[in-house]
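Asker: Protein chains in written order, with the UniProt record's numbering: chain A, 1 to 693; chain B, 1 to 693.
The calculated DSS-like cross-link candidates involving lysine-lysine, where the alpha carbons are at most 27 Å apart (straight line), are:
| no. | chain 1 | residue 1 | chain 2 | residue 2 |
| --- | --- | --- | --- | --- |
| 1 | A | 16 | A | 31 |
| 2 | B | 686 | A | 205 |
| 3 | B | 537 | A | 686 |
| 4 | A | 66 | A | 31 |
Hint data in this document are derived by calculation from the structure and do not stem from the laboratory.
Nothing here was measured: the structure is a model prediction, and the numbers come from that model.
Number of protein chains: 2
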Amino acid sequence: MTAVDQTPATHQVTAKIDKTYLEDKLLGRWKDLRLIARGFARDPRIIRDPSLGMDEHRERVLEQLKILVSEAQVLRAFPERLGGSDDSGGGIAGFEELLAADPSLQIKAGVQWGLFCAAIHHLSTPEQQDRLLGAAMRLEVPGAFAMTEIGHGSDVASIATTATFNEDSGDFTLHTPFRAAWKDYLGNAALHGQAAVVFAQLITKGVNHGVHAFYVPIREQNEDGSTGALLQGVSSEDDGLKGGLNGIDNGRLAFDNVRVPRENLLARYGEVSADGTYSSPIESPGRRFFTMLGSLVQGRVSLDGAAGVASKIALTTAITYGNQRRQFNGASDTEETVLMDYQTHQRRLLPLLAEVYAGHFAHDRLLDLFHAVFSEEGMDTPESREDLETLAATLKPVSTWRALHALQTAREACGGAGFMTENRLVQLRQDMDIYVTFEGDNTVLLQLVGKRLLTDYAKQFKGITGMNMARFVIDRAADTVLYRTPLNRAVQSIADTGRRARSANELRDEETQRELLTDRVETMVEKVAAALRPAAKMSQADGAALFNEHQSELIEAAKAHADLVQWEAFTKALRDIEDPGTHSVLVALRDLYALSRIEANLAWYLINGRLSTQRAETVTSYINRLLTRLRPHAQDLIEAFGLDDELVRATIATGVEQKRQDEAREYYRKQRASGDAPISEKTLAKAKRATKR
Amino acid sequence: MTAVDQTPATHQVTAKIDKTYLEDKLLGRWKDLRLIARGFARDPRIIRDPSLGMDEHRERVLEQLKILVSEAQVLRAFPERLGGSDDSGGGIAGFEELLAADPSLQIKAGVQWGLFCAAIHHLSTPEQQDRLLGAAMRLEVPGAFAMTEIGHGSDVASIATTATFNEDSGDFTLHTPFRAAWKDYLGNAALHGQAAVVFAQLITKGVNHGVHAFYVPIREQNEDGSTGALLQGVSSEDDGLKGGLNGIDNGRLAFDNVRVPRENLLARYGEVSADGTYSSPIESPGRRFFTMLGSLVQGRVSLDGAAGVASKIALTTAITYGNQRRQFNGASDTEETVLMDYQTHQRRLLPLLAEVYAGHFAHDRLLDLFHAVFSEEGMDTPESREDLETLAATLKPVSTWRALHALQTAREACGGAGFMTENRLVQLRQDMDIYVTFEGDNTVLLQLVGKRLLTDYAKQFKGITGMNMARFVIDRAADTVLYRTPLNRAVQSIADTGRRARSANELRDEETQRELLTDRVETMVEKVAAALRPAAKMSQADGAALFNEHQSELIEAAKAHADLVQWEAFTKALRDIEDPGTHSVLVALRDLYALSRIEANLAWYLINGRLSTQRAETVTSYINRLLTRLRPHAQDLIEAFGLDDELVRATIATGVEQKRQDEAREYYRKQRASGDAPISEKTLAKAKRATKR
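Extracted from the complex, chain A is given alone in its bound form (with noise of 0.2 Å):
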């Protein structure tokens, strides 16, 4: 990128970025592992080639992989004995980086180390590690993740796999019932891999005790290493093309009567005995299922982290792009105006940058909170791990449907530019498509968070005070004032509706703002929490019917909670910022956050009396003054992201378009200088009227 060359006069810039010290805050915990990872992804072995087909680009993404664990960069998560460095935290954030370089990368490791290892890392027993994670890990066995099946995606309970233990043999038998059953959207499954991690229902003695994991070979190692043919009883399906992460050999697997070992049975949760016998350390079936699938929230958080670095790129190539890019005449005869100028682009484009830091700075808490519950001593509770996976499924869905919404408009603020590949933002787009309905959908993702919320506002009643998913928060936090989350209050917020309406004379305040933010999510569970009370004496089909009636609210009471996590991260940030200029501009910034979605949710506020009409009308034209205020600042905001032109590999944002400007502009200048100018019609014509009066 290169700078804005002037910033129009009309603009009162009353403070400045230090942008290195911003770059600096915004890299964070993790900073040293952030920048070892940037260097591989602008690494020429790492990054795309947006020219390969498909099968090129599947290959060349293996070989990419294998230099990413030759130069160790993947194994951090895992236990110091493997060869990791037991460095949950660390581990993610490196691996975020990576999408610079290509999403396809990045998702054929995650498969790799973020699921297939991961599985095994967390699922089995300290000798299984043992036994199968080094190979896994050193890449030695590329493995698919076989969770999904065709008939059953985000409701994994359901599954339809069976794995059923044989008494005279010892061993079990997986099996694929039926069409529905078939694994698939495996990464590694149609080509590259020769083992899974294969859930199914474990079944022992007629009892059904849901679903485990189990590593299952499923193709031939060659002698050179490479993968050879499927083995007896698996079947395998290539997904073909699809919208994106076409490097990805995705595929379906099917399994035959396949006999498994007991002892590739994953045992940290559930065993059984020689004789059949079914033995867990967790009783509940229910809490079982969940604390397995809990200790998989990895890819949640990263996929997080990871929408936030394409938000980043998709911002940083249209603000450069607006701010060298000039279109049509208003203002002068002879000046073009810069997009960036214009109020419909400073719409698009500075909210959304507002959103980005937002979710950026919740990121950070996230990533604490998973690095606390995997690697910090004493950290692993049910209740941390609750509030992680309720923190990771409130953030996932958010991000990455802004990710998309920052590539698409950041492409249709770059016109016709926006749509060529060399300037990445649409194939970084079509990559990106399919991380909002996997790893859970973001809409089943919500709707999990929504129980949550009225879980918890349940436990109020029954004296449990305050919000689980605070709790590690405030624990962090210096000032625990500042950290009173949703339904930490007294049930009376409906009936307190004047004091609030008074409170929001300010909306610049930030008391004010925590408080619409979060008397919204608190108002919004309440509702549905007293709407779906009839639904503990209905029937199980009345009852359903019930919660389906008020499913919407349900989520949008937890985006509405997301909101408020965001608003508080970035808030909590703040107080971390000691430069004056830097905190004054991120203030307006936080600021147009909350404001932003106050305006879009407006009518609720107006609805439920919270703003008054007068005051509501407000919220729109303070948002315009903010974005005059922030317009000055909007090139150093996403320079400190500190992504450069070989990360973002945009050719619009190299500066060539300032290039073009300026030679255009020294053209005419020199014209008129000359006097060579062809005069215009019109100007013509009016000299000719004038002339006749």
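Got chain A sorted already, so can you dock chain B onto it with the hints?
Answerer: Chain B in isolation, oriented as in the chain A frame:
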């Protein structure tokens, strides 16, 4: 598509759509031509092969164009004396349907016949038509439409290419003065084009007469008719891979002092005599420019229709799949719930279905108007052209954005399956992406509409009644009272809120819906007009700044206008539906359209006192009731589009999912009946607890 196999008993089915009847109504005025075009869109020679790389795809599309011309599908709009049928509307109707075959094919055909040939057709003298049009129509000369420059997209008036008349040699010198003046994104420019219609500033005798079109050979024609080397002075670059439409060879062109004969200035609206004297039948350079550009409005008209086809394919796929796919078993222990029965699924798809119907009927009106202007005696007046351009500029942005939204929503509603190329949604979305910025950037078009609304508003004060745009529709309507459109009424509307708030007590009432939608446009335009009034007395720069401050509002007003136009078209169409069951369902769908638009802008209605908070709260619950009422008709509503499996070409919409679901349910049914089903640990634990008590 296969029909739904059961309709849940909970849905009241009070009316039934006559699908054949409705399909016939939707095919409309050019039914026969649409059916012929759909035949082509099913032809294996014409449909897209998704496995092809860019180079093969480009060659295949060129061959497909030759098939189209040999079977005379693309020449209807042209003069009879040259082999056409003088049938503008029919030409567009057939063209739109080609989208189902492959958008690359459609747009490459659009480049050849809708832009290159159409420019010759509409901007030439009869002599020039006779000389140049035939070979172009027959594709003997593939051509590019060289208007857009790298440095100027939607601002065509500012392009920098010059065509300077040489009085001594009697020809023009066509020249690209700097890099930003290269023509870019032109179909046929990279490979296949042998000529181009080039837009350039016409300069003669030191005067710039503004943008004019020139017919310019750019490549040699080989003996076999194929395209040869670039001609002297012409440079070309390949745009390479794009986000979609990779079957088209988009590229760039530049001209280094290329000589163009005087006869190749397309001279209908402006010519230069042998001595260099410029003359034009249109005196005002501004009006001349807009007349020339306006004659090319058919691009926008056809994109509006093509976008509608894409949206229909999207919804046909998602709703068919949503009626077969089951997920989660909230309501029953053994039966999973069909996706379309979930409120969130209905919320995602059914309001969009209502929008697509509204867009369909609005497009029918647009096509009527287009046909009248270009093919009906006495209808080609400056006013009707202006109406047509405004209506096209109103509808093209909303329908193209809607197509992207529909394709993305459908893709997400189909989960991972939606991401597979074999289900087509992703590929179609990639191709449609550029529709939102080409043939006029959507935001720029809406701004034009906004300015038109302001102009018409201003005219009211000068005694000109009514809004021009409405005139054509009124002329064709039996009941003109139904066609009151914005700005027909007196200015007191803002003061008139009391009556309006009261009249809103029945949201399902047609007149109330009209009031609410009309009032919004009027009031918004009035507000912007009032805010801009001081600009008249300001300097150019200050006036531009004031306008910029209200740019977003103006665009919002244009969107509100689009809502109203589509609602009026839907409501008008209802009067032609005689079958009572079909009528009843479509009325509910129209109501859903109206209520969805009102819900989307609820804050506006509240702030402006048009709805009370009590009434506003009922909007959402009324929408939810409409969803329940319409849900049983969703499959019929999409099947009436008449898009069969061969046109939709999405594997998941062919009934494979129903087959998989049936097989799985039959498996479990048999297992339960046999008594062999393993008992679940959960059930067992429950039973144990019961025994203990």
